[in-house]
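*Asks:* In order, the protein sequence lines correspond to chains B and E.
Under my numbering, the residue at position 133 of the first sequence is numbered 124, and the numbers go up by one with no gaps.
Under my numbering, the residue at position 137 of the second sequence is numbered 128, and the numbers go up by one with no gaps.
Simulated from the structure, these hints should not be mistaken for laboratory data.
All figures in this text were calculated on a predicted structure; none of them were measured in a lab.
No residue lacks a Cβ here, since even glycine has one placed at the ideal position from N, Cα and C.
Mixed in with the good hints there might be a few duds.
What the hints assert, rightly or not - The calculated DSSO-like cross-link candidates involving lysine-lysine, where the alpha carbons are at most 27 Å apart (straight line), are:
#1 B:K182 to E:K93
#2 B:K264 to E:K93
#3 B:K182 to E:K293
#4 E:K62 to B:K93
#5 E:K62 to E:K293
#6 E:K264 to B:K93
Unchecked claim - With the Cβ distance kept under 10 Å, some of the chain E side facing chain B (calculated, not the full set):
#7 D172
#8 T173
#9 P185
#10 A216
#11 V219
#12 L231
#13 E233
#14 I300
#15 L304
#16 H306
There are 2 protein chains.
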Amino acid sequence: MGKSKGYEKHMSIVVVGSVAFDDIESPSGAVTGILGGAATYFSLAASYFTQVRVVAVVGEDFGAEHEGVLKKRGVDTRGIERESGKTFRWGGSYAENLNEAKTTYTDLNVFEKFHPEIPKEYEDSEFLFLANIQPTLQANVRRKMNGVRLTGCDTMNYWINGARQELAETLKLVNVLLINDTETKMLAGEKNLPRAAQKVLAMGPQALVIKHGEYGATIFFREGAFGVGRHPFRAPTLPLDEVKDPTGAGDSFAGGFMGYLSSQPELNREVLKRALFYGGVMGSFAVESFGTDRLQGLTREKIDERFQIFRELTHLE
Amino acid sequence: MGKSKGYEKHMSIVVVGSVAFDDIESPSGAVTGILGGAATYFSLAASYFTQVRVVAVVGEDFGAEHEGVLKKRGVDTRGIERESGKTFRWGGSYAENLNEAKTTYTDLNVFEKFHPEIPKEYEDSEFLFLANIQPTLQANVRRKMNGVRLTGCDTMNYWINGARQELAETLKLVNVLLINDTETKMLAGEKNLPRAAQKVLAMGPQALVIKHGEYGATIFFREGAFGVGRHPFRAPTLPLDEVKDPTGAGDSFAGGFMGYLSSQPELNREVLKRALFYGGVMGSFAVESFGTDRLQGLTREKIDERFQIFRELTHLE
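With the rest of the complex left out, here is chain B:
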């Protein structure tokens, strides 16, 4: 493992997801052909906490300079498959409120036939993150990685509505599901968030992380999972600098959350709570620049400084 950074064996995480080129417009400007994709944002965010190993597919237009962005952060890129054709390309724009991306186009290209292969060298990783891809592919990867201690999983409305049966199978195999408010309510068929959370937990995961965008995230635990206690936990966030581009915020959140978890020898509620704060921290950095710029140039010190600010944000004496 050429990029091991001296982490212990258990301190590594495999992420399976998209690598893409994005064309983005927001009230702060416009960029074209910048490096994006869930696996990219996740990897960069998690790289400040743990050894990251990425599984993805790219096309012939993916050059050494793109791979270099990941390598520079010590990310193991041996699981990035090259196929003939073009890399997944996504175009989106944000209106004034920045709350929702309007997709202008999605060219799946080589991603359309993505069949994730886990390199042999990745198999000793104890943590796994299944970014938003087709649920059956997620389940297959999870089954191949049978020795993992904890699996995190993302999904989206498209699969909740269109592949509910397959998603239900996947949910039985994962420990933590990370989705947003709307997805939670849709998956549960229930509008009250705490009740919806209980319904989702009954589908399989031991913990459900609901991402609230600029307001942080809440984690709900299944009874008895990761310790005791009946109440959920919330980590607040607050964008501190300009919000330039919300793309990748949720994937960066997942990277901070899962990255911190995979750096910890023990997984208990207190560790999951801290992970939730780190998720919010990485999400809040991600939106401060177009693409992955902000995520490329951080330090653990800057990250912990913001962790402290977010912690004090709700701390009563």
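For chain B, the structure is supplied; the task is to place chain E on it using the hints.
*Replies:* Leaving out everything else, chain E in the frame of chain B:
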């Protein structure tokens, strides 16, 4: 003061605002002609913390049974003026997501010519809350209550857009402004929330409370106001039971916030932070029933129990 409940003189608050009858539809059902209005929700919520004195106007259709709802909670109703005509009536409905009320009609009736008069007996109150009414009326009341220690103020998009000059005058006279995210950004002409908050604070108030609906609220302080420190503070909330009717949540938040403040001998940042939590608690109770039902039957014990839950919701060890 017939309804003094034994509070000390300084422990009383005057609220000036609307008393109304509401017709409400939500996914949980429909009600007609129920008691509502900002001053009503505010008074009931604040009544668990302090002596409340209400200033409002009602019509001939406002009966003893309606006044009784307030009196039963010890609210001083001598400032409710009776005019010939009908009480302010509002009709609204909520769609599935419950986030925004769609107003079906607004019959101002006697409220159209509301000219708040402060009864002589109210003049020794040290706290004042100006609910959402025309900004110049707010300013006039504030000038009449010259001995107050702290004034809270609400407003809305209608005045921000249509009476900006008048509102600017009012903002110079108040200590704490309580508005939501959209109103903050609109008032400041700035989309980044922390920066928008600084712009609003420069208009006059020492503190700005931004209400985030189901996600709680954040308080921003002007440099040096109520103590030291450069960071904002957030109190999270989480609806614990069913959300039946969001009407009055913001006014109930203000009632909890201002009510708690006016029960405290000293006003420092720690007290304002606790007040923010109490605001969230009262808002979360308000939405659990149609109208004011839930707010009528609480106890301080139930309130403090939820305060503790919300406090632990974000508390890291």
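*Asks:* Determine for every hint whether it applies to the structure shown.
*Replies:* Hints, verified against the model:
1. Pair hint K182 of chain B plus K93 of chain E holds up; C-alpha atoms about 19 Å apart against a cutoff of 27 Å.
2. Of the supplied pair hints, the one linking K264 of chain B and K93 of chain E is violated, its CA atoms being roughly 37 Å apart against a limit of 27 Å.
3. Of the pairs offered as hints, the one joining K182 of chain B and K293 of chain E holds, with about 25 Å between alpha carbons and a cut-off of 27 Å not exceeded.
4. Between K62 of chain E and K93 of chain B the alpha-carbon distance is near 52 Å, which puts this suggested pair outside the 27 Å criterion.
5. In summary, the hint linking K62 of chain E to K293 of chain E is supported, as the alpha carbons are separated by about 21 Å, within the 27 Å threshold.
6. The hinted pair formed by K264 of chain E and K93 of chain B fails the criterion: a straight-line CA distance of about 37 Å is larger than 27 Å.
7. Against a cut-off of 10 Å between C-beta atoms, the interface hint on D172 of chain E holds, since the closest Cβ of chain B lies about 9 Å away.
8. Hint on T173 of chain E holds. Least Cβ distance to chain B is approximately 9 Å, under the 10 Å limit.
9. Because the beta carbon of P185 of chain E sits about 6 Å from the nearest beta carbon in chain B, less than 10 Å, this interface hint is met.
10. Taking 10 Å as the C-beta cut-off, the interface hint given for A216 of chain E is violated, the closest approach to chain B being about 18 Å.
11. Hint on V219 of chain E is violated. Least Cβ distance to chain B is approximately 13 Å, over the 10 Å limit.
12. Given the 10 Å rule on beta carbons, the hint for L231 of chain E holds: about 6 Å separates it from the nearest Cβ of chain B.
13. Checking E233 of chain E against chain B: minimum C-beta separation of about 6 Å stays under 10 Å; hint holds.
14. For I300 of chain E, the interface hint holds, since its Cβ comes within 10 Å of a Cβ in chain B; the closest pair sits about 6 Å apart.
15. Because the beta carbon of L304 of chain E sits about 5 Å from the nearest beta carbon in chain B, less than 10 Å, this interface hint is met.
16. Taken as an interface hint, H306 of chain E checks out: its beta carbon lies about 7 Å from the nearest beta carbon of chain B, inside 10 Å.
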